[in-house]
Amino acid sequence: MSTTISESAVSEVAVRSVLASGQRPQAPAPGQAVRTFAWRAVLKIKHVPMQLFDVTAFPIMFTLLFTYLFGGALAGSPREYLQFLMPGIIVMNVVMITMYTGMALNTDISKGIFDRFRSLPIWRPAVLVGMLVTDTARYTVAIAVMLTLGTVLGFRPGGGPFGVLAAVALLLVFCFCLSWAWTVLGIKAQTPESVMQMSMTVLFPLTFASNVFVDPATMPGWVQAIVKVNPITHLADSSRALMHGEPVGSSVLWVLAWGAFLLVVFAPMTMRAYNRER
Amino acid sequence: MTDLAIETHALVKRFGSTTAVAGVDLQVRTGTVYGVLGPNGAGKTTTIRMLATLLTPTAGTARVLGHDVVTEAPAVRSRVSLTGKLASVDDELTGRENLVLLGRLLGFSHRQATHRADELLDAFGLGEAATRDVRDYSGGMRRRLDIAASIIVTPDLLFLDEPTTGLDPRSRNQVWDIVRALVAGGTTVLLTTQYLEEADQLADRIAIIDHGRVIAEGTRAELKGSVGNGAVRVRLADPTRRPEAERQLALISGSEVLLEPDPAVLAVRVPDADRAGALVVDLAATGVAIEGFGFGQATLDEVFLALTGHPAEDTTDPTDPSDPNDPIDPNDPSDPAVPNDSSIPTEPVGTAPQEDVA
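Protein chains in written order, with my numbering: chain H, 1 to 278; chain X, 1 to 358.
Next up, chain H with everything else stripped away, as it sits in the complex (with noise of 0.2 Å):
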């Protein structure tokens, strides 16, 4: 592509002509700002296409390695294992996906483009929740990424089309609360990177901790009592029980807990911490 933009003379008669017109409007309603900021990241994807590799490439890689290399020995078949494996590495996925969050804030914040974002007159939250709205349809992309292919590799979800919607909706609303530890790094963090390593010590553990791959029978006793606790054991939990329309217990609660508990605590630290600077 070439660089070369001709460009034409600045006028000061044509610059004092454009400053009579700069009529004041009424500071736009949140959800005008809210919106903004997501045709903003919508913009980005589509200028840097490559955006959309982390939603598309990864959760196939994952999907189709688990399968085939756990599948015989844990289930017999990696059909079989698939009807276990899918909601769980769909949950895991899309939580993995959530760094992603951090990395663009902090990377936005480094450009200089925040201070202008904070010095207008509009809602402040608006930039992160436009940007965690447009994370939303991100993670929607690589559940309908995952669910296409696991059906073509013959997961049949029990529950319907509905148990998966219901399981869908927990996993984006739960990712929705736990990026907002997310922003708190994104805006705190020095580099990009130092986020992404930070997010990767705490997600790693998390979700393999888990009851994603395997049932947690067989663990040693400690390891056990890690994974009960551990969110991403109940909304795997949950995932399964919604999508194969089997009771699902305690477990949607406790994922709405943890969510609501997440969201209590790194939202307003986030407001903190965005009000004041770096």
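The set of hints was computed from the structure by calculation and includes no laboratory data.
Idealized CB from N, CA, C, for every residue including glycine.
Treat each hint with caution, since some may be false.
Far from chain X by the CB rule (all over 12 Å, computed), these chain H residues [said to hold, decoys possible]:
no.	residue
1	Val-145
2	Gly-158
3	Leu-165
Calculated cross-link-like contacts (lysine-lysine; reagent style DSS-like; alpha-carbon spacing at most 25 Å) [what the hints assert, rightly or not]:
no.	chain 1	residue 1	chain 2	residue 2
4	H	Lys-44	X	Lys-85
5	X	Lys-85	H	Lys-111
6	H	Lys-188	X	Lys-85
7	H	Lys-111	H	Lys-188
8	H	Lys-44	H	Lys-188
9	H	Lys-46	H	Lys-111
10	H	Lys-44	H	Lys-111
Chain H is already provided as a structure; the job is to place chain X on it using the hints.
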């Protein structure tokens, strides 16, 4: 309502144990350009960020357009714009998308925002680049887009944080033209810069800031006058004869002779141009071959050096003599870098040597 756009009292900002701003008092009159001049790390950006409500002061007060920056931050935000040091535009978006986005955030409908964006892009010479990604823009184009973004709604007060740092001379002049047009349109501008040239060109009043404190404040003329007399500078045909010329000049003038970094140049402070002329004539009479000479009031460089003991600019010097568009104004009699003899290369002789410090 006073006619002060900005009024600060003992403004302080500390980051941990570091004091970035150590008690700044500023009064900026409405409708003027106010220059805050200082080297990197002097506290300019911190000050501007406090005034733009991006940072909370540790101590002191600041009122912007009559509103307190802490307790009435939203009122301040609705009337000011900030063009930060880092270009505050989205690289991945096109120029038009950037402006439409901000127009929407200011409350315009999509149609109004698009109309306004196109109007601004045309006025700022970016009409043809409107649909190109900003990452393909040159530094000057990006900076103009940045300023355009700041005046989507014409602000009452515009903060420009080092608006021309890193720009080539042509782009810098374009930015200066824009600033002048804005001020002519009634906007008050607070500008930070580490370039004395820029403050000299644009600012009605200048505050010189160093280590978080205002060390001098006034109009350009007041500041230049504050270091006292002008200086006559003499360039010798033969640099090896400078010691001899120094001796002679000291005898004739009866005051201290300053040796410039340039081995062929020496200078001496004199009260007026008549005395300067006589000095040069006397020096030539001693038989020292003179290639050229100049006389002028102190430059802001000298003011800065006299006040702080170190030069204002770091290595990124926009007045690089190798630059064909060197912004030395040949018609400016106050610029001692302008030699009376055209054979003298227009080097920034105005950059006084360290010994000059009182």
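Okay, the hints, checked on the actual structure:
Its beta-carbon lying about 23 Å from the closest one in chain X, Val-145 of chain H satisfies the requirement of being farther than 12 Å from that chain. For Gly-158 of chain H, the condition that its CB be more than 12 Å from all CB atoms of chain X holds, with the nearest at approximately 43 Å. Under the 12 Å C-beta cut-off, the non-interface status given to Leu-165 of chain H relative to chain X holds; the minimum distance is some 32 Å. Taking the CA atoms of Lys-44 of chain H and Lys-85 of chain X, the gap is near 23 Å; set against the 25 Å cutoff, the hint holds.
Pair hint Lys-85 of chain X plus Lys-111 of chain H holds up; C-alpha atoms about 10 Å apart against a cutoff of 25 Å. At roughly 20 Å between alpha-carbon atoms, Lys-188 of chain H and Lys-85 of chain X fall within 25 Å of each other, so this suggested pair holds. Straight-line distance between C-alpha atoms of Lys-111 of chain H and Lys-188 of chain H comes to about 15 Å, which keeps the hinted pair within the 25 Å bound. The suggested pairing of Lys-44 of chain H with Lys-188 of chain H holds, with an alpha-carbon distance near 23 Å, which does not exceed 25 Å.
Distance restraint check for Lys-46 of chain H and Lys-111 of chain H: the Cα-Cα separation of roughly 20 Å lies within the 25 Å cut-off, and the hinted pair is therefore satisfied. At most 25 Å may separate the alpha-carbon atoms for a hinted pair to count; Lys-44 of chain H and Lys-111 of chain H meet this at roughly 15 Å.
When the structure is compared with the earlier hints, no violation turns up for any of them.
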